[in-house]
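Student: Chains as they are written, first to last, in the working numbering: chain A, 3 to 330; chain B, 3 to 330; chain C, 3 to 330; chain D, 3 to 330; chain E, 3 to 330; chain F, 3 to 330.
Since the hints were made in silico from the structure, they are not lab data.
Check each hint, because a few of them may be wrong.
In this list, chains with the same sequence are indistinguishable; a pair is considered to hold if it fits within one copy or across any two.
[Said to hold, decoys possible] Only pairs whose alpha carbons sit at most 20 Å apart, straight line, appear in this in silico EDC-like list of lysine to aspartate or glutamate:
(1) 236 / 142
(2) 33 / 141
(3) 73 / 61
(4) 33 / 52
(5) 303 / 10
(6) 303 / 104
(7) 261 / 316
(8) 73 / 46
(9) 156 / 316
(10) 261 / 32
(11) 261 / 283
(12) 84 / 283
(13) 91 / 79
(14) 297 / 245
(15) 323 / 245
(16) 84 / 32
(17) 303 / 263
(18) 34 / 310
(19) 34 / 307
(20) 236 / 5
(21) 323 / 263
(22) 261 / 101
(23) 73 / 101
Predicted model, so just to flag it, every value in this text is computed and none were measured.
There are 6 protein chains.
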Amino acid sequence: MKDFYIADAATYENAVVTSYFLLSQMSARDKKSGGQYLALTLSDRTGSFDARMWDEFAESLATCTAGCYVKAMGRIERYNGKFQITLQKMRPATEDEIDVTDFQPATQYDVDALWTELNGYVAGFRNPWLQPLVRSFLDDPILGPAFRSAPAAKVLHHAWIGGLLEHVVFLLRLCARVAPQYADEVDPDLLMAGAILHDFGKVRELAWKSSFSYTTEGQLLGHITIAIRMLQEKIAAIPGFPDRLRILVEHMILSHHGKFEFGSPKLPMTPEALVFSAIDDLEAKMQNMRAEFAKAVESGKQPDEVTDFSRSMERPLLNSKAYLAGES
Amino acid sequence: MKDFYIADAATYENAVVTSYFLLSQMSARDKKSGGQYLALTLSDRTGSFDARMWDEFAESLATCTAGCYVKAMGRIERYNGKFQITLQKMRPATEDEIDVTDFQPATQYDVDALWTELNGYVAGFRNPWLQPLVRSFLDDPILGPAFRSAPAAKVLHHAWIGGLLEHVVFLLRLCARVAPQYADEVDPDLLMAGAILHDFGKVRELAWKSSFSYTTEGQLLGHITIAIRMLQEKIAAIPGFPDRLRILVEHMILSHHGKFEFGSPKLPMTPEALVFSAIDDLEAKMQNMRAEFAKAVESGKQPDEVTDFSRSMERPLLNSKAYLAGES
Amino acid sequence: MKDFYIADAATYENAVVTSYFLLSQMSARDKKSGGQYLALTLSDRTGSFDARMWDEFAESLATCTAGCYVKAMGRIERYNGKFQITLQKMRPATEDEIDVTDFQPATQYDVDALWTELNGYVAGFRNPWLQPLVRSFLDDPILGPAFRSAPAAKVLHHAWIGGLLEHVVFLLRLCARVAPQYADEVDPDLLMAGAILHDFGKVRELAWKSSFSYTTEGQLLGHITIAIRMLQEKIAAIPGFPDRLRILVEHMILSHHGKFEFGSPKLPMTPEALVFSAIDDLEAKMQNMRAEFAKAVESGKQPDEVTDFSRSMERPLLNSKAYLAGES
Amino acid sequence: MKDFYIADAATYENAVVTSYFLLSQMSARDKKSGGQYLALTLSDRTGSFDARMWDEFAESLATCTAGCYVKAMGRIERYNGKFQITLQKMRPATEDEIDVTDFQPATQYDVDALWTELNGYVAGFRNPWLQPLVRSFLDDPILGPAFRSAPAAKVLHHAWIGGLLEHVVFLLRLCARVAPQYADEVDPDLLMAGAILHDFGKVRELAWKSSFSYTTEGQLLGHITIAIRMLQEKIAAIPGFPDRLRILVEHMILSHHGKFEFGSPKLPMTPEALVFSAIDDLEAKMQNMRAEFAKAVESGKQPDEVTDFSRSMERPLLNSKAYLAGES
Amino acid sequence: MKDFYIADAATYENAVVTSYFLLSQMSARDKKSGGQYLALTLSDRTGSFDARMWDEFAESLATCTAGCYVKAMGRIERYNGKFQITLQKMRPATEDEIDVTDFQPATQYDVDALWTELNGYVAGFRNPWLQPLVRSFLDDPILGPAFRSAPAAKVLHHAWIGGLLEHVVFLLRLCARVAPQYADEVDPDLLMAGAILHDFGKVRELAWKSSFSYTTEGQLLGHITIAIRMLQEKIAAIPGFPDRLRILVEHMILSHHGKFEFGSPKLPMTPEALVFSAIDDLEAKMQNMRAEFAKAVESGKQPDEVTDFSRSMERPLLNSKAYLAGES
Amino acid sequence: MKDFYIADAATYENAVVTSYFLLSQMSARDKKSGGQYLALTLSDRTGSFDARMWDEFAESLATCTAGCYVKAMGRIERYNGKFQITLQKMRPATEDEIDVTDFQPATQYDVDALWTELNGYVAGFRNPWLQPLVRSFLDDPILGPAFRSAPAAKVLHHAWIGGLLEHVVFLLRLCARVAPQYADEVDPDLLMAGAILHDFGKVRELAWKSSFSYTTEGQLLGHITIAIRMLQEKIAAIPGFPDRLRILVEHMILSHHGKFEFGSPKLPMTPEALVFSAIDDLEAKMQNMRAEFAKAVESGKQPDEVTDFSRSMERPLLNSKAYLAGES
């Protein structure tokens, strides 16, 4: 846990602080007076600022790398109206010193609570094959923890630590609500298994160690194909897993985007795939809507104004509750 | 209520029956022996067959018109392996003699029960303006009954008598399930009011007296614009109806198709419009799916086969329950 | 009428001027010497410049709001090569002190002459219902004047005060020219009535008090639906207005964009709607062309060069007259 | 000129007639009684019927070819309720015996009058280069007559003999009406020259000797490119023709379809090209409309019904005049 | 190997033949004289004809099923000008009695020669991992033989037995030609491995036992995903297979359609994927072209005529060699 | 040949140099001390820098024009960390003093070698008409040299001096490789003639004297139509050139873009056109790929990273060779 966040610099003006930062940029420059100094940019979840290291920076320069975490000590100062830090020490941080949520946006929900809720849904499965299948993903020592921390996207909806888990739990709630409407056609366990597994490939498609990005494997294969491979490995370890059930789960993963142009190789052809694809699309859009409403409030829009044009939704949006409240 | 249906002809072979029919075609032809006879086609909900009237048909010919209902008496006979009827009498039926559900496909659900369920939802509204607004549609002496009997489409989903009411009630159930998931953003009364009113224009866009077709007004204006006009009339009769609420209801009607290419002049911009548009699309697709599954069974497909290619869904479909059941 | 325009600042260097301005931005800042001053931006149709108010600005700050009109007195000075004004007084302007054409681009044509021409066309109508219908719009104490001043768009063609009226009159001229070609199919009164009413909804879709923008109602409903509502109100006040004529007028409004993707809920299905949609599209494109030619001249392009790529037309354009003239 | 038309067969029952026909199909078949007979289909502008030639058909079979014109003599008979002809003689027709308008649909207008009107427009050109250019096309001993008789399309609008000339004259009338509206931007001579030349390539793209079809050259190159070649040949014969004027005329031909997907290699970039493209599109659509209205009347539609769905217009259409007349 | 083919029926008129057939349809019908008979349709690669079995058909009816192969003996007769067969015996054929190429269109090339050529390319691989990978597919006791006999499509290019192998070998030839052009960027072994494996999933996507169709798994997953699964199994059996090489092979399979709308979840991003996608598209189109040219000759088109409009290519085609030859 | 390139300024600090430059911008400005000076920007292939001329610049100002080449003498100096030049003399350069490759990016290949290779292919033609046709282009005193120096595009692939020739030679190599695969359908001479002529119109569509741009004729007509005109002129000079061969060559030019939306008025309909269109597309994409790989290396990307998103290819790309090499 960091003690000092960049957004609080004003409070620490002229004080010496010690904290962890993401080293975004670093270069050695010539001093006018001869010799060199280090010009750096440090950042955390709350912002970024410039740093300078005037002397004895050789070891720091040799051991720290842009894009990695560092532990640094220095004095906070104001220069040309902006805060910066003059460093006295800087060394690479070890992995266990770092809590990634100090550096990246994270879900506003309690991850343990989301996790417990998710496991509760799985515990309720009555299908004898789907429960062990899903558990083999969740209990996997690598995939399970990755699934708890992964973002759901690089820039769009749920682009934050824990975003994938949050997205999946919200989907499961919606599954639980909608499945009874289609009790004659939809198997609720299959629907929920699809909801849990559909984006599992994102734990390898995305990288979120220091910043959110795509892995090369993710770029070349996509999270759908990666998930298909994971599924095959897990099913191979469950002797007797029915072949048709395997095909139906694969189909839900393959078709969840609902449209070819989003890289879905199949359109939803079964009731579970169709319902899930609709739910997934709705959840993503409602999350976009919430984000746009929040942005509009931040930028000082009035409640009866539409938001800025949303590029991903191809329209501006309106918070109808706020709009109605403004009438009375 | 008809006593005799065409599908039961075999039971009545050589008997004389009296019943109501839709007169689909009629023409006078030359007898080989000189003179003329009437060649007709009669139909009801269960099928159609040929009719012949050999003598004294002048008045029938003068008073009955193709496309209208008739009352006819005649003997059922078999000719070339097919049943037909030789008429002795035929006259136009009066409107109150006819129950349109004898002649057209009708919802399999109890219309009174659907109507009661619908009214129950409205009774639960807490918004002081939306309840009277919706009631003014339902209680309208012309619109209300039309809404109870209208089909929801000419050829696609819910193309049967009572299909519009059935579609709306299923949507309301889904609204009741989904609205709590979005309690922070979605006003459930507004969502349900939109669900009830969104397709109300179809009672004037479609004609379903003898067969399902579009009215000329429906072709030129579309049910969305027709509903906007109805809404304006109803709101004008509710003094003080808030302007912003009116705009939000109109917006739900305008945007419910969700895409410009379906003739929606607006994309959904509010939480209620977005949720409703998603629900409406899902319900229509699930209904299509059920119809395709039924058709596949009728045409003798095996449960592990996909259906024929569905033109409206642009894919074949698979009944996953039947498919799984076929594996064990 | 303003006496002083910002573009004329050079003429007034060091003089004290009093005039009306749009207050675009205002903030209080710290003086280096302690205390505060007001930093403002003032604008009118001809440009914008910075303003400073060093003393006694408390009341100005309390009563004036960014986005509103003000009356201000101050001295014109040059600073860093740019003109600015040092204010001595500033107060909100009352509505009747302001002529909106001082602050926004306005049609180059005489509005009274356009209005007279428009009324002349209406006076020539021979259809007994369309003349009173159109007159009820033009004579409406709110809609009529709004129609005279509204722009025809926020950013594209005719985005200036009076642009809507100008656009409609040019369309009427084209109607008068083209209608005789299709005398067998096209009713000229219906064509012209459609031309006058098709964009009337823009007087509520757009706001143009201080800058051009969409109203929230405009965003949620669009000018087509707004016009349908206006039409319904006006027709309700004309007893006996024929229903089919009402439907044909509505259809012209609904279909005038000619394509679903522009938010037209219907494609043109009648001769009048088809001709009008073609004319409207041509007029808008020719106006875009004129604007691009003017911009190319301003930016110093040679007459034999094509204009910059026009985003709305998806191509560059060429002034063929200038191009030919350059050859000889 | 034919004396006998197939549509008049009933009048000639049992009479012997001699006339010219298009031989659509011919095959020798076995008689039940041994030996062979000729089974043929003959057609003219008014329809087609079966023909039989029972004896001495060897020479006819050897000299006549399906797809060619024949002179035939035979007796008109009724068989199974349909008329047919039993041939006694049949030989190939020579070219000068045939008037192609006896066999194909032809313009309802007087071709000489259209031609005179066209030449009148050209006589009014004031541009010293465009008049000789257009005249060199019209006076060409091959192109000129072909232009007078060519259809404007294979199946769509103006698909009849003389259709191209008719289409061009109607366009010229519209040019004459619209050009003054854009007097500042549009050169009327250039506009009209483009109108006359834009589809000239169709005289080689289409073949209309016996039936309407595309030539192989037409399929591979298209009428736009063919017209560009013609233009180049004609301009080469006019010494000093200005290069820029040549480019502007070529551009009008290249861009007249207005959209890439119709095979237009350029979008209209000049005022003349833009106006012409709009006019051409409108004229084609209005002609389609007239054809659909006529078809609806023929098929017994009521005046207040919309036409069948028009595939080329992607909508049904409504004859608004008839619709209004039906109300009173 | 069949001794008798349906196309040769005329040669065997009134003879008794014994052969294998595909039983396409079978139903019992009432004899006019009382009792029943069997009405059947039999087919082979060369056509189909009616069959009748008048007596003692009980066991045949009980044991044979429509859609299966039968062995039958009967007399060839002509009836109403068409040949049919009157059966004396019919029993189900065993699998090893049937050579599927007797019943379905098959490649015109020697399958053994194609197979040898294919193996020759693989033998030339220098990459130490790709050769064993490809061999593990070819040597698989189920996949290998299936790959030799599979068609490459249900209806489009190479829709015949052996079509997949034929398509792949032609692709390998083109790979061998094109790879040297891009020697700096393209690894020829990777390119060829992708060519061999890209459509391997079709051996499970398609069924071609009696007629060509999609399997349900094929419909739900598609051949791309099926191939990805096969690949994973094969690679798992090759210890140490490099992960990046695995990703590159997977990417070639995922991206080979080159467009999202064809169900490719990825666009080609590597040189090998890009080259392969272009080659695959070209080969398929050239094969379509050959098929259209052959069809045009069969239907009696002249060499200088274009073919009928090809739906899959969205254009008519022209055999340029024949066209040129026709000029001299 | 220039002696001094701007990129080498550091080597010449404080030295006086004389060289040729492209004068990109020039304006006279007020000195603070009174009087004026010239502020200029000079550029060459290696970059651009500021220039100042403090005295006696009247004649330079009068005779030199922005966009033209100049000869200048001055001293290289460093100012604010950047190099600039203080001019003593500047005059317009004559055309023969300038080697355009000093100022624009140029092919990395030897133009003479490319030209020789091209001519070798032509020498191998066996078709008696295509060789003289192609030679008449290459030997044309204006077109030939222009073809040697033209870029192949303004901004996309091969946008450098000599790019068109380079592109064509690479295409010919690919033609030579691919044609034998389709020996039954493709005439290699026709394929190669199409390859040489397909983009010849670019020598008039593009201007590349000082910078790469479109000519007005190029904008209005496009290189396809320009090439058609060139072809017509050349063929007219070869008596007896077969008409069908002419049509096939024209068709290759018209269809080479392969898609309507790229301004191709025809889709490829012959084997040669189809093969060429595929080859041309592949070559352009491979060249784009090479450029993206080079850019990624320059910008410091790791070999196992994908490139930035390529706008023209609509995807990021991966250098598979570098990626694989990075694994071991």
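Student: Quick one: residue 303 to residue 104, C-alpha cut-off 20 Å, is that within a copy, between copies, both, or neither?
Tutor: Neither way: residue 303 and residue 104 sit 29 Å apart in one copy and 27 Å across, limit 20 Å.
Student: When no copy is specified for residue 236 and residue 142, does a C-alpha distance of 20 Å or less occur within a copy, between copies, both, or neither?
Tutor: within (10 Å within a copy, 23 Å between copies)
Student: Please sort residue 323 with residue 245 into within, between, both or neither, judging by C-alpha distance up to 20 Å.
Tutor: Intra 49 Å, inter 14 Å, cutoff 20 Å: inter-copy only.
Student: With identical chains treated as interchangeable, where does the CA-CA distance between residue 84 and residue 32 reach 20 Å or less: within a copy, between copies, both, or neither?
Tutor: Answer is between; shortest inter-copy Cα gap is 14 Å, intra-copy 22 Å.
Student: Between copies, within a copy, both or neither: which fits residue 261 and residue 32 at Cα up to 20 Å?
Tutor: Neither: 55 Å inside a copy, 52 Å across copies.
Student: Have a look at residue 33 and residue 141 and pick one of within, between, both or neither, based on CA distance no larger than 20 Å.
Tutor: So residue 33 and residue 141 fail the 20 Å test inside a copy (55 Å) and across (62 Å) alike.
Student: One pair to classify: residue 73 and residue 46, alpha carbons no more than 20 Å apart. Within, between, both, or neither?
Tutor: within (12 Å within a copy, 47 Å between copies)
Student: Can you give me the call for residue 261 and residue 283, within, between, both or neither, at a CA distance of at most 20 Å?
Tutor: both (11 Å within a copy, 15 Å between copies)
Student: Quick one: residue 73 to residue 101, C-alpha cut-off 20 Å, is that within a copy, between copies, both, or neither?
Tutor: within (13 Å within a copy, 56 Å between copies)
Student: Using 20 Å as the alpha-carbon threshold, which applies to residue 73 and residue 61: within, between, both, or neither?
Tutor: Within one copy only: 13 Å inside, 50 Å across.
Student: Should residue 156 paired with residue 316 be assigned to within, between, both, or neither, using CA atoms and 20 Å as the limit?
Tutor: both (19 Å within a copy, 18 Å between copies)
Student: Go through the copies and call it for residue 84 and residue 283: within, between, both or neither, with a Cα cutoff of 20 Å.
Tutor: Classified as neither; 43 Å inside a copy, 52 Å across copies.
In the structure shown, a violation is registered for the earlier hints numbered 2, 5, 6, 10, 12, 14, 17, 18, 19, 20, 21 and 22, in ascending order.
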